[in-house]
Structure formats: C-alpha cells, structure tokens
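K.L.:
Chains as they are written, first to last, in our numbering: chain A, 1 to 589; chain B, 1001 to 1347; chain C, 2001 to 2294.
These aren't lab readings, by the way, just hints derived from the structure by calculation. Remember, it's a predicted structure, so these values are computed and weren't measured experimentally. Warning: the hint list may mix true and false statements.
[What the hints assert, rightly or not] DMTMM-like mimics (lysine to aspartate or glutamate), calculated; alpha carbons at most 20 Å apart, straight line: (1) C:LYS2268 x A:GLU129; (2) C:LYS2271 x A:GLU129; (3) C:LYS2006 x A:GLU94; (4) C:LYS2138 x B:ASP1212; (5) B:LYS1070 x B:ASP1058; (6) C:LYS2272 x A:GLU129; (7) A:LYS32 x C:ASP2234; (8) A:LYS32 x C:GLU2091; (9) C:LYS2138 x B:ASP1273; (10) B:LYS1144 x B:GLU1244; (11) B:LYS1263 x C:ASP2234.
[To be verified] Here are some of the chain C residues that sit facing chain A, going by a computed Cβ distance under 8 Å: (12) ALA2005; (13) ALA2013; (14) LEU2016; (15) LEU2115; (16) PHE2153; (17) VAL2168; (18) GLN2275.
Where is the CB? At the ideal position from N, CA and C, for every residue including glycine.
Chain by chain, the residues:
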Amino acid sequence: MCENRNRSTRPPRPKLISLMTRTAHAKPEVLKGYLDPRIQVVLRALSALTVLAIAVPACYMLIWSTWGTEVVGRLRSLHEWSLDWIAILLRNPEWRASILRSVMLGVGASFVGAAINAAYNYCRRFSGEYVKNATYYTMIVLLLNPLIAYGMAVRSVGSMLGWSPWLLLYFGHLLVVLPLQYLVFEAGAGAVQDDTLYAARTCGAGHAGTLVHIYLPKMRGAFLTAFVLGFFVSFDEVVIALFVLDKSASTVPVRLWRGLSEVVKPEAAVVSTLLLCTIGFIFMVRHFASGKARFFSISIAERVRRQAVEVAISVGAGILVGVLPLPLGSLEHFVTDLFVVPVMYFALNTVRARSPIWQLIAVANVEKPELAGIPQEFAFSSVESDIEAAEFLRQGRWIDLSSQALRSLVQACFAKCNGPYFGTDRNVPSRFCELYPNYLKTQLERNETVGDVRILFCERAALLADQASNEATVLRFVKDQTAAGVLLLRVGDAIALREANNCHLHSGEFGVFGGRYVLFFHRPEAAEFTASVMLVPVTKLLASHLSDFWRNCILNSEKISASDDKLAFLPLEAQVELTTRFEETLRIK
Amino acid sequence: MNRILMCACGIVVLFTACTDRGAPRNPKLVVVSYGGGSYQQSQIEAFERPFSSSHHVDVEPVVWGAEYGKLEEMVESGNVPWDVVEVTAAQFVRGRGSLFQPLTRTIPISSFDPIDKTSAPDHFGVPNVYWSTVLGYKKSAFLKEQPAGWRDFWDVKRFPGPRALYDNPRATLEFALLSSGVQPNRLYPLDVDRAFALLDNIRPYVRLWWTDGTQPVSAMLTGTVVMSPAWSGRLYASQQAGQEIGYTWNGAANELDYWIIPKGSKNVSLANDFIVFASDPDAMAKQATLTAYGPANKLAVLRVPGHIRLELPTDPQNWAVSFIIDSDWWSKNEVAVTERWLRWKSK
Amino acid sequence: MRKLAKLVVSTAAWGLIVSVGLFYVVPLIIWCISLARGSAGAHSPGVDVFALYWSLIGQTITLSVAAALAAVICGSATALVAVSGHGRTRELLTAAMTVPLLMGFIARNYAWVGLLSQFAGETRVLFLSSLSRALLYKQLGIVVVMGTVFVPFCYFMVLQELTGLSPVPLQAARTMGASDATIFWRIILPSIRGSQRNAFMLSVVLGVGYFITPQLIGGGNFQFVGNGVLVLLDRFGLTVDASLLGLLLFLTVMVPVGLTGLAIYLKKRQKKQEQLKVVRKQESLDTAAPAQAD
C-alpha cells in the first residue's frame, strides 16, 4: 500500500473547553521544569484546595437534588435516592413558567448581544482605531458597573415610562451580557484574519457576502461560546430582576432568592443539577456534531434528510413556543418568538463545517470568477447547491467521501476534463469491484475508447491468487476495462511505495484527469467512508514529479490481459509510448 | 432549502404572534399571602380553592414578604396587579386611608366575634390570623432543664450553645426587654436604648440572624443553633413531623394580619367578596387546623378541634402568657429603629 | 454604492457603544434626575443615609478585598500548576474552573449553606464540625465563598498571561545559574503581576456590589451596602433613600475605576507621543544625512 508523504493536517475538532476559553489550547507546558519542587508543593496544595472548594459544593448539589430532605443540610439515608425533588419542581406550573421565562430571556438577550458583538467585531476591522479604543473602555466600565445601582436605574426608568418589567429586564440582561461577549469575540478575533476579509472584498464580494459566507462561518466558534456564556450569565442574573419584577412573575434565580420561605428547599440544588445536565448535553451534541458535520462528505440524499430534520426541529420548536400558555403579553411573546426560532435555525446551521477557503473562492466565483483564477467552466451559479464544483475547489485538503459522493466527484472530473485518464490503484480487481461497485460503470459510461491507463499496485502473487479465487469477477473486470480501451497494468506494491516517496507525491494512488487535475486517494479514517481524496491542479512541479513516478512504474509494469497468458512485461516500445503519452497529456493545459 | 426554512420560520412566528392563546373564561383574582410554603397552602385549601369553585373565579395565589415599599410604589404608580393582600398590623396602621381601598361590604356581626378589641373588622380591612413568634429549642441540647422563657435565652451559662435571632427589630427588641424582667403589659413604649444594650450582651452568641420562617427550624434540626425564636406554625408542623424541637409560649409575640384591598385594584367587588368569604368562621377554622395559627375570630376558634386549639396563639392559656406587638408604636418608629438596627448590625 | 457600504459599516462599528449609551447611560441619567427631584421634594424622615453608608461600607470593602486576595492567590496558584503540568492537567483544571460559572450563583451559595449545615451538629469527623463552625455564618465563610466565586475569573486571566510567557528569559536565567526559586520569584511572578492586579481589581469591584453571599453565608451577621439598599427599598419603600445609598455605592466603585482608566489612557497617550517624537527625530536625521552627503 502506498503511504502519504505530505498529508495536510485536518482542522482539529473543536472541544467545548477550547470554545469556553481560548487558552486551553495555548502553548503547552510553558513552565514545566522551571518550578522549584518546594514551591510546586505549595502551589499544588493551594490548587487542590481551590478545586476542592469548587468541586465539593457542585457535587453536593447533585447529591442534594437526589438525596435531599426538606431540611437544609439534611440528607436522606443513602438507600433513599430518588428524583422526587426534580419531579416536584418540574411538575410545578409556576416553576415551569419561571424556567421558560428565564430560558427565553437568556436566549433572547444572549443571541442579540452576540449578534451585536459579531457585527461590531466585523465592522471595526474596517473602521478607525478610535472606535476600538472607545468601545474597549466602554465595555470595561460596563463590566465593573455595580448591578445594584443599574437595577435601580432600570426600575426608575420603568416606573417613569410605564414599560413592561419584562422589556426592562430584557434590556438589563442585554447590558449584562454585552461586555462578557465582547471579551469572547475579542479573544476569538484571530480566527478570521483581516487579510482574508480584505481579499474577499478585493475579489469583488460585498460586505453582506463577506459577512455571511466568510466571517460568520469562521467566527461560529466564538459566536457559540459567546451565546452559551451569555445564556448562562443571563439565566443566573438576579440583581436587576429583583428590582424590576414583582412577586407575581419571576425568573428562576428570583424565585430561588425569594422562595427562601418556601418549604421545598432543594430547589436550588435541582436548578443547579438541571443546568449542569444541560451543559453536559450541549457538550455532547457539540462534540458529536463537530465530528460528524463534514457536510460535503455525505450523499445528497442524506443531506436532504438532515435538512428536513432541521426544518422539522426549528418549526417544531417555534410551534411549541407559540402554543404554550405562557403568562406573557402578546407583544413579549411575539418578540421572544422572533428570537427562539431563528436562533434554533442558526444554531443548527452553524454546526456545518465549511471550508473557509471554499467560502472565499465561492464568493468570488459567484461574482467574478476570473479574478479568482478559476477556469470559466468551473464557475457555478449557486453557492450552496453545486456540490461537485465545491469539491473541486477544496484544494490541498483531504476529504472523506462516501461511495455515492466519490462517484459524483469522479463523474464530474470526467465530465469537466477531456482527455485520457491515467490512474493508479493499490487494490486487486475483486477488491476494486467491491469498494467501487459503480465506479466502473462511471468510467465506462464515457463511451470513448480514449486509451486510458490503469495501474494496479499489487504483487504478482496477490494478483494471481485473486484471479484464482475470484475468477469470474476478475475476468469480467479485465474484459470490461479492455473493451473500453483501458490498458491494465500491474506494478509491485513495494516499488510503488518507494517511487511515491522518492517523487514527493501526496499518495501513490491517484487519477490524472485530462492532464489537468489529479485526484489523490488514501484510505479513509472512518470506516463509513469509502475513500479519502485530495484534488489538486497539475502544476509544473507536480507534473515533473508525476512524470518521474510514471516512468519508474512503467519500467516495472506487467500487462494484465484476459487471455490465459495472464501477465507479461510490457515491451520497451510500449513503455516509451505510454510514458510519452503521459507526459504529453500533462503538458496540456 | 434555506429559503424554505426561513419562510417556515416566518410563518411560525406570524402564527404564534397572531393566535390568541386562550383568554381566561373566568374572571381572575390575585390573592397575596404573607408567607409561603405550608401557610400559603393552607390559605389555598381553606379560602382560595373553595371561593374559586363557588364563585367561578380563577384565583391566582401570590406570596410576598410584606415589603411595604413595593406596595406603596405599586399604588403610587397606578399599576396594581394585586387584588387582595395580607398585611401586618403595623402596615395596616400605616397604610389605611392612603394605600388601601375602603371595603364595600361589611362582615356580618353574627359571623365575626373578635378575639379582642384590637382585632375587630375595620372599614379598610378585616383581621385574619394571629401568628406568634415563640421560643424554640433543640430538645437534645437541653436534656436536664429546658428553656422556659426569654430570660433563659439570654442566660448563656445555664443554657449554653449558639443561638439564632430574627433579623428584624420588631419582636426582637421586645424579647430583649422581656429577658431583663420587663413585664409584657409594660413593654410599650419600648426602651430602645436598653433593648440594644441587652442585644449587645447576647450578640456574641448569635450565630444566625434569620429572615425566613424555615431557617430557624432547619438550623435547630441540624444543630447549627440550639435556641431560636420561630413562628409557632412552623414549629407545630415540625413537631407533627416528629422532629425534636420543643417550644414555649412564655413571652410569645403575637401579630395580627389583615386582609386589605390596595387602591387601584381592578377587581374591588370580587376582592370584597373574597374577604367576606375568608372571614367565615368555618373557613378560618379550616385554615387554623392546617397551620395552627390563631384565627382573629372567636367563632372560628371554637370550631377548631381540641388538640389543635391548644396550639393556637389565641388559645386562652397561650394568650395569657404572650403579648401583642403594638402596631401603633411600630408604625411610627419602624423606619428609625430599623435604620439603627442596620447600623448596629454592621458594627 | 461602495461608498455607501463603507459609510454603513463604519457607522455600524459604533453600534456597541450606541447600545450601551441607550440602555445604560440614559437610564442612569434618568435615575439621577429622578433622585434629584425626589431629594428636593418631601420624603419620609428618619433615615440618615450617609451614616448608614459609612457604617456599611467599611465591612463591605474589607470583606471584598479579603475575598479578592484569596481568589487571586488561589487562582494564580492553580494557573501556575496548569501550565507546569501536562496538557491533561490544564484541561481538567480549566473544566473545574468553568463548572461554577454554569451552576448558578444562588445555587453555589446555597450549596455551601447546605454543605456546612450538614456538619454543623455532632459528627464523627471532628474537623468537619470545626470547619462548619469556622465558616458557617462567619466572616471567614463569606470570604471563602466569595473567593470561590471570583477564582474562575482570576484563574483565566492569569492563565492567559502565563500562556503568553516566553521561555527564553527562563532558559537564559537557568543558563546563567539562577536557581528555580529565584526564577520563580524574580521572573515568573513579576510577569503575571499585571494580570493579578487586574483580577484583584475586578474581584474587589464585583464584591462590593454583592449582597447575596453576605445574606446567605453570613447569616445576617454581616451587612453589605447592597443589603441596606434592599432593606430600605423593599421593607420600607424609601425609594429616594435607597436610591441615594445605591448612588453612593455606584460612586464608590465607578470613581476609582474612572480615574484609573483615565490614568491608563493618559499614560498610553504619553507613550505614543514619545514614540512619535523618536520616529520623527530619526526621520529628520535620515533626511539630513543624505543632504550632508550630497
């Protein structure tokens, strides 16, 4: 099997911790080996004490919510674990209303705050330094502002203007989350370089296109972090709510604070448990989604199915919000609907992993493809729908493909590039048929005897053994290929590997389409994919390497025929002719 | 596909905004209790639910902590979402005429016999219950001799251990004076300086200044404190649950709560009906059975079962050894005394 | 069209400041005006707000400073451990520091009340009972709990600084024969002083505005200014007096913050101006030199 030499690194899967703080993936072990052992002991002791002081109450809350009694500080015996307190809380309609209000407030304030910050973070890159400084100092003032005073101010405004307390609370929460989200966006601003945005503008993209197709996808991590952080901060906010709300309606923390005279005490523990479980759930979904969201690797049918699910979830959430008998006025309900449904949609869409380079080129392609140096025939009209074109443009990156997607890609490659196909593959015929059942059909559908050449990298013994054990399949394979004018050759594994390494190729398994594009193949990481591929245009240097590789393989090649004579080494003249043809093909641009 | 999705979202938003999610068929009445938990539950069982079914009204129960300022602001702003509110006697004195709506219906004399002259129905409100703050103690902490009054509370040598006190000068100053031997009928006007001096003595032993009714009970059960004033209803409930807290009625402080209608309420007539309903002896007796707080109506007390009647503040035996907090004095001095209290606490 | 787009974008950049102006500055101004009007009119006598403020502010600042100090020390120690161990250590510590931010503030405070009440009575493990006695409803308890609230902020701020630390000075010091202790006290600690100072200031400012922890953990024994505001407002409806107390608290925090911010801004401007002077001087020398050569 041929190994890759210059395998590009895939983008790392984002972890929630690194989303929560950028520093978790900063330079590792900066001080390792520089700390005095005695000092290290003291630091570790302090650190352990700190973690204990944080972790023990958190664990206690989980225990209290399932082993608690009505008396604060009294647990049931260890045999009496139950979810009673959680059930009592969730069954109480007032609590449910409070939770729903807190969630809606959190979602609304956090989403709008993140949107304002995202817009600012984009716009400030095209503005002067003074805006940045002024905003920085403003945010610091806001962060350090004592909420009691601000709560009183909000209350004063509310009673003067007669505004609904929920509207006042919403604005109050927005102010609370804005500075924190500002810090998150500033920390994550490095995810999209100013140069990328300027390049998009140079290529003809407008601000709207640049914002939607380049900036937002790249900043989705920061946006999600800001949203999650803002949500939890808003959910937890109690000071402003205490001043603004009366006892007839309250958010979760206000209900906790004011409910000190209630009998059911482990409420705080239950709320805490629910919050921790929620963040755990979000973490799992994010982890799962970031790993699986290689959207262009799945088939179109699967993609349609997933989008249908997203639509159903978004619409279902909106209807759920809409029909619940919430004790809110219709204006507030309408406003919260405006936030919840788009947030659901946006959240679902942001988990799709899009190549930023593709976004850049796609945007340029839509408006002025010649500026991006892309041939006219690759220009496409709809950014999202042309999956084949999108794959062409993911240059220099390995992509995992399913069987269906691979077929689509190869079909497109054949369709776009006229000329002979020169390909190598490390699989014996029967294995090839098993892996790519439709591949041959794709190739044969070209209806041309174009003189393609396919080299199979395997040892002679393996090929003969395959022929002996899968006679019908191998015979069929060879006959079909030959009838289509495809020349089948065999080269040993070891030779192929050696030559691929010597020639600095991404992989020894590749297909050259019309001398213009090379599609390199590699074994995929995950079992559900058929192949891992990389599509690159043929440059002068690559042509030289391919030429060297081809020449050395041809020197050692044997022709596979359908007759009983089986294998025979290629005569010298045939070798020369094939090599010349290959090099001539590469010269075609 | 994304356009379809956005259109779907837009349709959902418009749909939910335009649909009427069911206006209430019955008229709504908001009834505010002073204190939640089992106390509010008793009002729901005894008053609100029966009233709701008999008058076809949706009653919304709400809890408040007697934050007078909140009520004042509500009335002054004209935005009053509450219909019936339970206030303390001191607040009743402060607010009658300025914050409270005059009642349109009177309670029939045949159905309301006040416990004493101070608990007669008024033009602006009707008394509901007498609730008591008594001295509670952890039984296991005092096996040989148990505390019998406030003097014992201040006696840290005979009855050692951390204490808790109510974080409110009302009743606490009285307890301090009672501990020094002042007779209940000579408490008012309160000698505030002397009371604070006595509190200085006990302060080092006070571990907790509680603000809600469950705190002292929890604190005694967990052993955080060994003695504390607590509301009699909470202690009664604790005893019923078989818990190890005892209490004495000696020197108990009784306070009266009133039903009032705040000015600006949108359901004055219905609110009046509710107050009349809740002042019925049977209804009041039912509430007393659930909470062991004393109805201000003698006719109701007589309807309470014997074994519970002994636990009521208005039971003659308990009434004889307790005192009533002077709402007139407190209505005039509460602000100044509380400000001094805050400064004293921060020393 | 492009000019219009440019205008829109540069205007939108001010969006954040405009939002703050609308929803923060305006309410504050309205509040101050209504407070001035209320003070001018008659209101209930009997509350000396200034006396109350002076009696409460001392305790407020003392406990906030103590909690902030504890948080900075523990947060710094944890951050130093995080960057001196394996990558897994750092991730675990970061996860631990994130958990309290997700639990809920009241829940966190209440957890301590429940936990310490658990051991308040007779327990077999004596040190837990002593711990409960030492913390529950005591000043030390307030300091500890507020400290745990601030520790995550301190941790992340110090960690940010530490991960930006260059190993070159450390290597150089080692090469020149400095001991590990010297490296720690003379290089590592001074390099994180800035972030420690910022974390300390942030914690103090946040702590001054607290009232929940003193109420729950302090057991009513210790009052912050915020508790006083709530009592005046909720219990007595003395809106004007409560607002005045709140305003005093606001000024206590924002005046030092404002002055510090102004000092930092002026210092940066001065530095920038000095740099500009040096650059201009160099430029003038460069232009003078070729002229002389000619």
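K.L.:
Hint by hint, note whether the structure agrees.
P.N.:
We went through each hint and held it up to the structure:
1. Proximity of LYS2268 (chain C) to GLU129 (chain A) is assessed by CA-CA distance (about 14 Å); at most 20 Å being required, the pair is judged to hold.
2. Using a Cα cut-off of 20 Å, the hinted pair LYS2271 (chain C) and GLU129 (chain A) holds, with the two alpha carbons roughly 16 Å apart.
3. For the given pair, LYS2006 (chain C) sits about 50 Å from GLU94 (chain A) by alpha-carbon distance, which is inconsistent with the 20 Å threshold.
4. Between the alpha carbons of LYS2138 (chain C) and ASP1212 (chain B) the distance comes to roughly 19 Å, so the proposed pair stays at or under 20 Å and holds.
5. A C-alpha spacing of about 24 Å is found between LYS1070 (chain B) and ASP1058 (chain B), which places the hinted pair above 20 Å, so the restraint is violated.
6. Between the alpha carbons of LYS2272 (chain C) and GLU129 (chain A) the distance comes to roughly 13 Å, so the proposed pair stays at or under 20 Å and holds.
7. Taken as a hint, the LYS32 (chain A) and ASP2234 (chain C) pair is broken in the structure, with Cα atoms around 54 Å apart against an allowance of 20 Å.
8. Straight-line distance between C-alpha atoms of LYS32 (chain A) and GLU2091 (chain C) comes to about 16 Å, which keeps the hinted pair within the 20 Å bound.
9. Our distance criterion of 20 Å between C-alpha atoms is broken by LYS2138 (chain C) and ASP1273 (chain B), whose separation comes to about 49 Å.
10. The hinted pair formed by LYS1144 (chain B) and GLU1244 (chain B) meets the criterion: a straight-line CA distance of about 15 Å does not exceed 20 Å.
11. Our distance criterion of 20 Å between C-alpha atoms is met by LYS1263 (chain B) and ASP2234 (chain C), whose separation comes to about 19 Å.
12. For ALA2005 (chain C), the interface hint holds, since its Cβ comes within 8 Å of a Cβ in chain A; the closest pair sits about 5 Å apart.
13. At about 4 Å, the closest approach between the beta carbon of ALA2013 (chain C) and any beta carbon in chain A falls short of 8 Å, and the interface hint on this residue holds.
14. At about 4 Å, the closest approach between the beta carbon of LEU2016 (chain C) and any beta carbon in chain A falls short of 8 Å, and the interface hint on this residue holds.
15. Using the Cβ-Cβ criterion of 8 Å, the hint placing LEU2115 (chain C) at the interface with chain A is satisfied: the shortest such distance is roughly 5 Å.
16. This hint is violated: PHE2153 (chain C) has a C-beta 10 Å from the nearest C-beta of chain A, more than the 8 Å allowed.
17. This hint is violated: VAL2168 (chain C) has a C-beta 11 Å from the nearest C-beta of chain A, more than the 8 Å allowed.
18. Given hint, GLN2275 (chain C) at the interface with chain A, is violated; its Cβ is 14 Å from that chain's nearest Cβ, farther than 8 Å.
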